[in-house]
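Undergrad: Keeping the supplied structure of chain V fixed, place chain L upon it in accordance with the hints.
Residue numbers (our numbering), protein chains in the order written: chain V, 12 to 128; chain L, 138 to 253.
Everything labelled a hint here was simulated from the structure, so no lab data went into it.
Hints are supplied without guarantee of correctness; some may be wrong.
DEER-style ranges, computed between Cβ atoms [unchecked claim]: (1) Gln25(V) / Lys150(L): 38 to 44 Å; (2) Leu253(L) / Gly96(V): 32 to 38 Å; (3) Arg210(L) / Gln68(V): 35 to 41 Å.
Partial list, computed: chain V residues near chain L (C-beta under 8 Å) [what the hints assert, rightly or not]: (4) Val30; (5) Thr31; (6) Gln55; (7) Met56; (8) Ile60; (9) Arg61; (10) Phe102; (11) Ser109; (12) Lys115; (13) Gly119.
Don't be surprised by glycine CBs; every beta carbon is placed ideally from N, CA and C.
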Amino acid sequence: AQTVTQSQPEMSVQEAETVTLSCTYDTSENNYYLFWYKQPPSRQMILVIRQEAYKQQNATENRFSVNFQKAAKSFSLKISDSQLGDTAMYFCASPLLSTSGTYKYIFGTGTRLKVLA
Amino acid sequence: KAGVTQTPRYLIKTRGQQVTLSCSPISGHRSVSWYQQTPGQGLQFLFEYFSETQRNKGNFPGRFSGRQFSNSRSEMNVSTLELGDSALYLCASSLEVAGQNTGELFFGEGSRLTVL
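Bound conformation, chain V alone:
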């Protein structure tokens, strides 16, 4: 079965510092997407960054970047220059191809990140 594992339930980082959130996954697909979603306290979950597996270049979105290691099935999120607004739950997600030929998303259990002033 396809799995997505986030081994860090909680992390904290000082404002302006860099933090890396880990995610490993298991899939039998060759071409797939990987996502990081952010869920701020009592607010909607939003997409942070997306990586296409066939692209070797790591995705970057402003202060957010990923370290995608396809062979190791690792997909970590690096947040540079951490800001107080980055305090949130972060979920790693991967689509699973179902028998219907469409995709459903499998999420990790999340990492609660707290940015300290």
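TA: For chain L alone, kept in the frame of chain V given last:
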């Protein structure tokens, strides 16, 4: 463009009751999926609907059901509520790309269900 809207935002039920949650997707999005979020378990996939048809289903008992209407609005129902059903229920819509949904999910704020 309005985002994903879920109602009600909060509700309290007692064991044995049933509950219906509603989700209005972003205009133009025909795929609607539902997730159960609990502490320590993350997001568990419930089901996904597209054009009024259930395309995917997670590993939940038959007490959990859903449907989608012609305007893409979706409802999920939980019958015979149990204490363990207390959770945040999230709805997400997405835009189909080339017949496959591998794109971004847009989430609502969720419906927080408490079962007493």
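Undergrad: Could you tell me which of the hints above the structure violates, numbers in ascending order?
TA: Of the numbered hints given earlier, those the structure breaks are 4, 5, 8, listed in rising order.
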